[in-house]
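Engineer: So you can see what is in the structure, the chains are spelled out below.
2 protein chains.
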Amino acid sequence: MVEYQELSPAEWFKRNSSIAGFDNPVRALYTSIREMVENSLDACEEEGILPEIFVLLRRLNEDVYQIYVADNGSGVSGKNIPKAFAKLLVGTKFTLRQSRGTFGLGGKMAIMYGQISTGGTVRVISSKGDGKVWEYVLKIDIEKNEPIVLKKRVIKSDSNWKGTVVSFSISGDWSRARSKVIQYFKNTGIVAPYANIFFVDPDGVLYYFRRTTKKMPKKPKEVKPHPYGVDLDTFSRMVSSSNSKDMVSFLTKSFHRVGKKTAINFLKFCGIDPGRDPKTLTLDEMARIVRSMRKFSFLPPSPEGLSPLGEDLLREGIIKELQPDWCDTIQRPPKSYMGHPFIVEVGLAYGGKIKEPFSLYRFANRIPLLYDARNDVSSRVINQDINWGDYKVKKDSPIAIIVHICSTKIPYKTAGKEYIADIPEIRREIKLAIQQCARGLRRYLNRIERRRIAERRLSILSRYIDKFVESLVSINKTDKKLSEKVKDVMILKGILMDMIKGDRVE
Amino acid sequence: MVEYQELSPAEWFKRNSSIAGFDNPVRALYTSIREMVENSLDACEEEGILPEIFVLLRRLNEDVYQIYVADNGSGVSGKNIPKAFAKLLVGTKFTLRQSRGTFGLGGKMAIMYGQISTGGTVRVISSKGDGKVWEYVLKIDIEKNEPIVLKKRVIKSDSNWKGTVVSFSISGDWSRARSKVIQYFKNTGIVAPYANIFFVDPDGVLYYFRRTTKKMPKKPKEVKPHPYGVDLDTFSRMVSSSNSKDMVSFLTKSFHRVGKKTAINFLKFCGIDPGRDPKTLTLDEMARIVRSMRKFSFLPPSPEGLSPLGEDLLREGIIKELQPDWCDTIQRPPKSYMGHPFIVEVGLAYGGKIKEPFSLYRFANRIPLLYDARNDVSSRVINQDINWGDYKVKKDSPIAIIVHICSTKIPYKTAGKEYIADIPEIRREIKLAIQQCARGLRRYLNRIERRRIAERRLSILSRYIDKFVESLVSINKTDKKLSEKVKDVMILKGILMDMIKGDRVE
Chain A
17 MVEYQELSPA
27 EWFKRNSSIA
37 GFDNPVRALY
47 TSIREMVENS
57 LDACEEEGIL
67 PEIFVLLRRL
77 NEDVYQIYVA
87 DNGSGVSGKN
97 IPKAFAKLLV
107 GTKFTLRQSR
117 GTFGLGGKMA
127 IMYGQISTGG
137 TVRVISSKGD
147 GKVWEYVLKI
157 DIEKNEPIVL
167 KKRVIKSDSN
177 WKGTVVSFSI
187 SGDWSRARSK
197 VIQYFKNTGI
207 VAPYANIFFV
217 DPDGVLYYFR
227 RTTKKMPKKP
237 KEVKPHPYGV
247 DLDTFSRMVS
257 SSNSKDMVSF
267 LTKSFHRVGK
277 KTAINFLKFC
287 GIDPGRDPKT
297 LTLDEMARIV
307 RSMRKFSFLP
317 PSPEGLSPLG
327 EDLLREGIIK
337 ELQPDWCDTI
347 QRPPKSYMGH
357 PFIVEVGLAY
367 GGKIKEPFSL
377 YRFANRIPLL
387 YDARNDVSSR
397 VINQDINWGD
407 YKVKKDSPIA
417 IIVHICSTKI
427 PYKTAGKEYI
437 ADIPEIRREI
447 KLAIQQCARG
457 LRRYLNRIER
467 RRIAERRLSI
477 LSRYIDKFVE
487 SLVSINKTDK
497 KLSEKVKDVM
507 ILKGILMDMI
517 KGDRVE
Chain B
17 MVEYQELSPA
27 EWFKRNSSIA
37 GFDNPVRALY
47 TSIREMVENS
57 LDACEEEGIL
67 PEIFVLLRRL
77 NEDVYQIYVA
87 DNGSGVSGKN
97 IPKAFAKLLV
107 GTKFTLRQSR
117 GTFGLGGKMA
127 IMYGQISTGG
137 TVRVISSKGD
147 GKVWEYVLKI
157 DIEKNEPIVL
167 KKRVIKSDSN
177 WKGTVVSFSI
187 SGDWSRARSK
197 VIQYFKNTGI
207 VAPYANIFFV
217 DPDGVLYYFR
227 RTTKKMPKKP
237 KEVKPHPYGV
247 DLDTFSRMVS
257 SSNSKDMVSF
267 LTKSFHRVGK
277 KTAINFLKFC
287 GIDPGRDPKT
297 LTLDEMARIV
307 RSMRKFSFLP
317 PSPEGLSPLG
327 EDLLREGIIK
337 ELQPDWCDTI
347 QRPPKSYMGH
357 PFIVEVGLAY
367 GGKIKEPFSL
377 YRFANRIPLL
387 YDARNDVSSR
397 VINQDINWGD
407 YKVKKDSPIA
417 IIVHICSTKI
427 PYKTAGKEYI
437 ADIPEIRREI
447 KLAIQQCARG
457 LRRYLNRIER
467 RRIAERRLSI
477 LSRYIDKFVE
487 SLVSINKTDK
497 KLSEKVKDVM
507 ILKGILMDMI
517 KGDRVE
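Listed in order, the protein sequences are those of chains A and B.
Just add 16 to wherever you are in the first sequence, counting from 1, and you've got the numbering used here.
Just add 16 to wherever you are in the second sequence, counting from 1, and you've got the numbering used here.
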């Protein structure tokens with residue numbers, strides 16, 4: 017007898033935890049820290065607060081660790097805490113703007129993984145700065161996907177402390193996760209130079225990623241869906257929830273980039289009466305409208321929903337973390353693919369503390385991507401689309417390439433957010449941005465090449481001059497009559513040295 | 017004000033449909049067909065029925081297709097149909113045995129994708145062969161993840177027809193999906209030579225993948241979880257649902273490969289009293305037990321939960337679909353990784369209709385894997401671990417390598433089931449199996465090499481003999497005295513030919 021049973025989302029994700037990056041104790045530890053830090057950064061940026069994030073990883077026994085993350089972000093109000101931390105598939109209202117996370121999944125997966133692997137609870141302390149500090153101790157009822165509240169209290173506080181502290185234990189493998197975790201913090205430093213991040217590792221070592229700017233990227237606006245990106249199911253739900261009495265007002269009110277004139281032209285294009293009440297549309301008509309939307313030429317989506325870093329902040333971050341001799345950054349104009357707007361930002365850095373050739377730093381919506389670089393669209397551009405010789409870059413040149421893609425929909429190839437698909441529109445923008453930066457690098461490399469030549473000439477000449485002067489001086493010692501000449505020689509040397517140094521070396 | 021809202025699993029998967037392989041209209045069409053066919057094969061194999069599967073893909077308009085799949089499988093009883101086809105995360109009872117599908121997701125994702133992209137419904141007709149045929153027309157309420165029953169009726173039938181028919185429409189791109197779909201059917205023919213599969217494509221072309229054997233692989237048994245693969249959450253739930261009054265009976269009844277003696281030794285190893293009531297265990301004690309389980313040497317998991325094809329069936333499938341000149345198959349003994357048993361089966365085929373060098377056919381739990389071959393563990397073995405020259409195989413040799421891995425837990429690297437992770441235990445088994453087959457191939461290639469040499473010798477000699485005879489005959493014409501000699505020469509030729517042919521060519 018076949019038995020049908022329902023599975024809670026928590027149970028499903030527990031059984032398929034590799035989807036969210038919890039494949040093994042190494043990856044799980046890295047992913048958990050990353051998800052908690054991303055949540056903290058989001059909580060700060062949401063209200064334009066300069067982030068102060070403190071992360072402590074304590075070894076409880078050989079393979080169990082406690083993760084403790086504290087931030088000064090917006091805080092979570094008391095009644096929302098259980099759902100926000102111990103129930104999967106719950107989140108803030110879905111809108112079309114750039115955001116770091118998968119809808120309410122990452123942080124809770126970390127907490128659930130902790131519970132599965134250690135049996136422990138999660139402790140959450142949070143305040144919205146209203147004098148009330150909430151403390152909860154929670155577990156996830158995995159079979160029901162519901163929070164279990166083990167402890168709940170509210171503390172009156174005189175301070176206006178605002179922020180969130182989360183702490184839970186997890187099975188992990190620090191010795192093998194270490195390099196990825198440190199790399200993650202370092203890369204976060206590049207895209208969030210406005211954040212102070214403290215990390216204490218299980219050996220008690222403090223890593224401090226210091227804020228070097230108070231400038232923060234602007235918050236993205238919410239935008240309505242673009243006609244290119246809407247499916248029939250979404251369209252019919254928009255119809256049901258709309259109060260518009262005619263098609264023109266329905267389209268203009270519900271869609272991005274659809275004004276009255278565009279709406280009328282579009283309705284003509286698909287043969288629907290502009291005065292038609294949307295509620296009277298048949299399913300076939302709605303299907304026709306959605307199909308026609310893909311073919312009609314609307315204005316491309318605007319980048320209002322995006323929150324790029326900007327060239328200055330990105331340069332700031334690169335200089336802070338990589339300390340190169342030379343660096344330049346480029347932000348490309350907004351473009352779109354399949355109705356989703358995107359912006360590509362690229363940085364190129366050379367020399368200084370950079371020792372490795374062709375280090376690639378990838379970011380998507382300000383999340384560092386550390387796995388599966390080889391398959392990423394950026395790797396393809398670097399390896400296949402750029403003729404580096406044209407830019408005086410050699411195979412062993414100490415160069416770092418930083419690529420940041422932001423979009424309302426990042427085309428990840430895996431759900432674990434490891435790498436970005438090879439979308440032609442995106443590939444093209446990355447290529448153009450790298451080429452633009454590389455031209456600046458070529459000028460710089462030409463300049464240091466000229467300087468090196470000049471310096472070599474200087475060193476040869478100056479060695480020659482010294483010998484010349486020395487021999488003159490020794491002659492002088494034996495032949496007093498020549499002593500007058502020595503002064504002339506010294507003057508000559510000065511002139512020569514000035515000439516050499518005056519060579520265009522900037 | 018932050019708004020918290022709950023998301024139904026259906027809604028979540030709709031927004032993250034790429035997880036299950038619904039990235040774009042090409043992939044979606046391929047994945048939908050695949051998921052429906054896999055469900056049909058499962059429904060047949062479950063009851064040991066020789067599968068008869070009929071798939072029809074009809075073009076409804078330029079990018080909308082109707083998928084119609086009929087099978088003679090076990091059927092679904094009337095009351096279960098809505099949940100089984102129009103509610104996500106519902107499935108048959110989870111057990112530890114090899115199975116094709118992700119827990120109740122694949123087929124429903126296809127149906128949901130159809131609904132999202134075309135607004136259509138799904139029609140299901142099914143019977144368990146009891147004279148009652150159920151017909152449902154369903155939709156998924158995506159916001160609530162609940163089935164909506166639009167039509168339901170039961171027909172009394174005199175025939176004992178048993179099976180299921182599913183039909184729904186979907187947006188797709190046949191012209192670009194075509195090659196993958198055909199490849200999928202062809203590869204299914206390799207691992208299911210006992211199935212008759214009919215496929216009619218949108219142009220009306222019938223593809224018939226004919227059954228060539230009535231032998232089916234044995235059904236896998238359900239096995240209890242192995243101690244190596246249990247997490248703390250699962251362990252504590254096992255404790256709650258157990259009636260055992262002492263630890264020894266709890267361990268022996270709940271776990272695979274734990275007999276009384278092993279249980280007592282293990283309990284000594286982790287310092288728990290054998291007579292202890294499991295319900296009195298503290299969380300810390302349970303955590304200690306689970307940790308100790310990883311370190312104690314239990315017998316490896318048995319392969320009872322697996323259902324490999326077997327060497328004969330696999331050879332049957334390869335010969336049927338690839339029609340090579342030579343073929344051999346190997347099944348390796350069962351092994352395990354992290355508590356999960358697995359068996360590797362490999363086939364090697366050479367020449368005949370195989371024209372391409374090094375074609376790799378990958379299968380996991382009898383599912384063909386068509387995407388991302390490059391990253392798969394099998395590709396690594398073929399490219400890095402085997403010195404093909406040792407086996408007389410050249411770079412352009414027309415050779416096909418067939419790798420089938422079955423396990424209660426396939427270590428997929430992506431949720432879309434595209435490729436298998438590089439697990440050392442699995443890699444080693446694949447390598448050994450290929451080497452074993454390759455030794456047979458070397459013998460075969462040596463044989464045909466010798467035959468080719470012999471044939472060349474024969475052709476040179478026979479050409480020479482003819483000339484020789486001819487010249488003798490012409491001499492004969494001018495010199496009548498030599499006519500007697502000709503007979504001798506003809507006899508000599510016969511002897512020579514026999515000698516040449518008699519050269520060891522088998």
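Watch out, some of these pointers could steer you wrong.
It does not matter which identical chain is used: a pair holds within one copy or between any two.
Claimed, not checked - Below, computed lysine-lysine pairings styled on DSS-like, alpha-carbon distance capped at 27 Å:
#1 Lys160 <-> Lys99
#2 Lys284 <-> Lys99
#3 Lys425 <-> Lys160
#4 Lys425 <-> Lys351
#5 Lys371 <-> Lys311
#6 Lys160 <-> Lys269
Keep in mind the hints are simulated off the structure, nothing from the lab.
Engineer: Since the copies are identical, ignore which copy is meant and state whether Lys371 and Lys311 lie within 27 Å (CA to CA) inside a copy, between copies, both or neither.
Structural biologist: Cα proximity of Lys371 and Lys311: none, with 50 Å in one copy and 42 Å across.
Engineer: Between the shortest in-copy and the shortest cross-copy C-alpha distance, which are at most 27 Å for Lys160 and Lys99: within, between, both, or neither?
Structural biologist: both (13 Å within a copy, 18 Å between copies)
Engineer: For Lys425 vs Lys351, is the C-alpha pair at or below 27 Å within one copy, between two copies, both, or neither?
Structural biologist: Answer is within: at 13 Å inside a copy they meet the 27 Å cutoff, but 42 Å across does not.
Engineer: Between copies, within a copy, both or neither: which fits Lys160 and Lys269 at Cα up to 27 Å?
Structural biologist: between (39 Å within a copy, 26 Å between copies)
Engineer: For the identical chains here, do Lys425 and Lys160 meet the 27 Å Cα criterion within one copy, between copies, both, or neither?
Structural biologist: between (30 Å within a copy, 24 Å between copies)
Engineer: Go through the copies and call it for Lys284 and Lys99: within, between, both or neither, with a Cα cutoff of 27 Å.
Structural biologist: For Lys284 and Lys99, neither the intra-copy (47 Å) nor the inter-copy (42 Å) Cα distance is at most 27 Å.
The structure fails hints 2, 5 (numbered hints given earlier, in ascending order).
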